[in-house]
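There are 2 protein chains.
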Amino acid sequence: VSDRAPIEFHFDFISPFGYFASLRIDALAAKYGRSVDWRSMLIGVSVLKVMGVKSLLATPLKGDYLRRDFARYARCHGLALARSIDAPPASPLPAGRAFWWLRRHHPDRAKPFAQTAYRAYWAEGRDIGSVEAVVAIAREADAAADDLRSAFGSDEPAALLRAGVEDALAKGVFGSPFFLVDGEPFFGVEKLESMEEWLARGGW
Amino acid sequence: VSDRAPIEFHFDFISPFGYFASLRIDALAAKYGRSVDWRSMLIGVSVLKVMGVKSLLATPLKGDYLRRDFARYARCHGLALARSIDAPPASPLPAGRAFWWLRRHHPDRAKPFAQTAYRAYWAEGRDIGSVEAVVAIAREADAAADDLRSAFGSDEPAALLRAGVEDALAKGVFGSPFFLVDGEPFFGVEKLESMEEWLARGGW
Numbered sequence: 102v103s104d105r106a107p108i109e110f111h112f113d114f115i116s117p118f119g120y121f122a123s124l125r126i127d128a129l130a131a132k133y134g135r136s137v138d139w140r141s142m143l144i145g146v147s148v149l150k151v152m153g154v155k156s157l158l159a160t161p162l163k164g165d166y167l168r169r170d171f172a173r174y175a176r177c178h179g180l181a182l183a184r185s186i187d188a189p190p191a192s193p194l195p196a197g198r199a200f201w202w203l204r205r206h207h208p209d210r211a212k213p214f215a216q217t218a219y220r221a222y223w224a225e226g227r228d229i230g231s232v233e234a235v236v237a238i239a240r241e242a243d244a245a246a247d248d249l250r251s252a253f254g255s256d257e258p259a260a261l262l263r264a265g266v267e268d269a270l271a272k273g274v275f276g277s278p279f280f281l282v283d284g285e286p287f288f289g290v291e292k293l294e295s296m297e298e299w300l301a302r303g304g305w
Numbered sequence: 102v103s104d105r106a107p108i109e110f111h112f113d114f115i116s117p118f119g120y121f122a123s124l125r126i127d128a129l130a131a132k133y134g135r136s137v138d139w140r141s142m143l144i145g146v147s148v149l150k151v152m153g154v155k156s157l158l159a160t161p162l163k164g165d166y167l168r169r170d171f172a173r174y175a176r177c178h179g180l181a182l183a184r185s186i187d188a189p190p191a192s193p194l195p196a197g198r199a200f201w202w203l204r205r206h207h208p209d210r211a212k213p214f215a216q217t218a219y220r221a222y223w224a225e226g227r228d229i230g231s232v233e234a235v236v237a238i239a240r241e242a243d244a245a246a247d248d249l250r251s252a253f254g255s256d257e258p259a260a261l262l263r264a265g266v267e268d269a270l271a272k273g274v275f276g277s278p279f280f281l282v283d284g285e286p287f288f289g290v291e292k293l294e295s296m297e298e299w300l301a302r303g304g305w
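As you go down the protein sequences, you meet chains A and B in turn. The opening position of the first sequence corresponds to residue 102 in our numbering, with each subsequent residue numbered one higher. The opening position of the second sequence corresponds to residue 102 in our numbering, with each subsequent residue numbered one higher.
Only chain A is shown next, with the shape it has when bound in the complex (with noise of 0.2 Å):
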């Protein structure tokens, strides 16, 4: 990995597309020589809000040919999931709350936090939406499990994840999965291929 910047990706735990990104993102920049600078965000929570619509899930025709393409997507990918599209979400809030604390104060960890919620999540269809979900994740994570449930005694959590989706949105950052190289946008699964594209001709 050179000392070119890292590729943001942003993703929402309770995201089935960025769930998919989030087991190919980190081969592919590997492949140009770039980390990764994963960062959680809050799509149904707060950008959907921003842009004025609804859940796509909900949204006539759009969320018929998305279920559709999700269970695509798995087959493709040979990828088993414990969980349906249309199961009740969890809330996305304790899992971004742990991730972004996590970031600050054990930055080595975020990431392997991130990947065992994300498959708690949509592989072994478990509960992410509590405190002690998310405590119990980091346990199996070593991701400081006793420090991050005494740090939910806190606002530093709640604190760190708003900021982060400030960031995000200040971005131009709508869904997820979503990437960003040396600022340029990439949203999307189905973008990952063009964005490859752009890494190995260093854009156009």
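You may find that some hints are simply not true.
[To be verified] Derived coverage of chain B by chain A (criterion: at least 3 residues anywhere in the stretch with Cβ under 8 Å from a Cβ of chain A; other residues may be distant):
hint, region
1, 148 to 154
2, 291 to 303
[Claimed, not checked] Taking CB as the label site, the calculated pair distances span:
hint, chain 1, residue 1, chain 2, residue 2, range
3, A, 180, B, 228, 44 to 52 Å
4, A, 255, B, 298, 46 to 54 Å
5, A, 188, B, 226, 27 to 35 Å
6, A, 205, B, 271, 34 to 42 Å
7, B, 128, A, 150, 39 to 47 Å
8, B, 165, A, 302, 21 to 29 Å
9, A, 127, B, 271, 25 to 33 Å
10, A, 159, B, 134, 34 to 42 Å
11, B, 169, A, 205, 26 to 34 Å
Hints are computed from structural coordinates only; laboratory data are not their basis. Backbone N, C-alpha and C define an ideal beta-carbon position, used for all residues, glycine too.
Based on these hints, arrange chain B on the given structure of chain A.
Only chain B this time, still in chain A's reference frame:
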């Protein structure tokens, strides 16, 4: 081209990404022994009302991303465009009505008409929003221009377009470009690679 069912290509004449896809879809389909069934659609006029959403360009965050992606796609593919994505759009109704009337009465001229109209609008920056304009385009495309002009004196072109839009909505078409391969939906120019893999593998 084999006797397998054609790929349905749904497009809106005023959709830039529909135009981009129109330049690639026939060659892509031919690689897999498929013809293409071009079908014009009305996204802004009809589909967005069904979805209950506003125009993508008018959507905060998403609009700015699409402006950038439009310019980026054109650069990547070496396309010279004479129209800004933010220029006031033409009415897509005259071209849509002409297209469906040709498709019924001169089926081999409908696609040449659509290609000529797309080029006129996006690559040459011409108006396509009047009967006179689409009759001129039909003349350039050797598409029964005089008969078409006469047909606009009847309700038939409008009725045929309405039927085409209803058919597309019933199939779940909600954007441009939108493809159906043996009923399998693919939305967006970014899905062409995935659709090609689907064709190559015969699905998954």
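Is 21 to 29 Å right for how far apart the beta carbons of residue 165 (chain B) and residue 302 (chain A) are?
Distance hint for residue 165 (chain B), residue 302 (chain A) holds at roughly 23 Å.
Does the hinted range 46 to 54 Å hold for residue 255 (chain A) and residue 298 (chain B) at CB?
Hint holds: Cβ distance 49 Å, inside 46 to 54 Å.
Just tell me: holds or violated, for the beta carbon distance of residue 159 (chain A) and residue 134 (chain B) against 34 to 42 Å?
39 Å, holds
Given a hinted range of 26 to 34 Å, is it respected by the beta-carbon distance of residue 169 (chain B) and residue 205 (chain A)?
31 Å, holds
Do at least three Cβ atoms from the region 148 to 154 of chain B come closer than 8 Å to Cβ atoms of chain A?
Held - the region 148 to 154 of chain B has 5 residues with a Cβ nearer than 8 Å to chain A, which meets the minimum of three.
Can you tell me whether the CB distance of residue 127 (chain A) to residue 271 (chain B) sits inside 25 to 33 Å?
Roughly 42 Å apart at Cβ, these two residues miss the hinted range, so it is violated.
Is 39 to 47 Å respected by the C-beta to C-beta distance linking residue 128 (chain B) and residue 150 (chain A)?
42 Å, holds
Holds or violated: the 27 to 35 Å window for the beta-carbon distance between residue 188 (chain A) and residue 226 (chain B)?
49 Å, violated
If you count the residues of the region 291 to 303 of chain B with a beta-carbon closer than 8 Å to a beta-carbon of chain A, do you get 3 or more?
n = 5 at 8 Å, threshold three: holds.
Verify the CB-CB distance for residue 180 (chain A) and residue 228 (chain B) against the hinted window 44 to 52 Å.
Since residue 180 (chain A) and residue 228 (chain B) have Cβ atoms about 48 Å apart, the given range 44 to 52 Å holds.
Note whether the CB distance of residue 205 (chain A) and residue 271 (chain B) lies within 34 to 42 Å or breaks it.
52 Å, violated
Violated hints, in rising order: 5, 6 and 9; the structure is consistent with all others.
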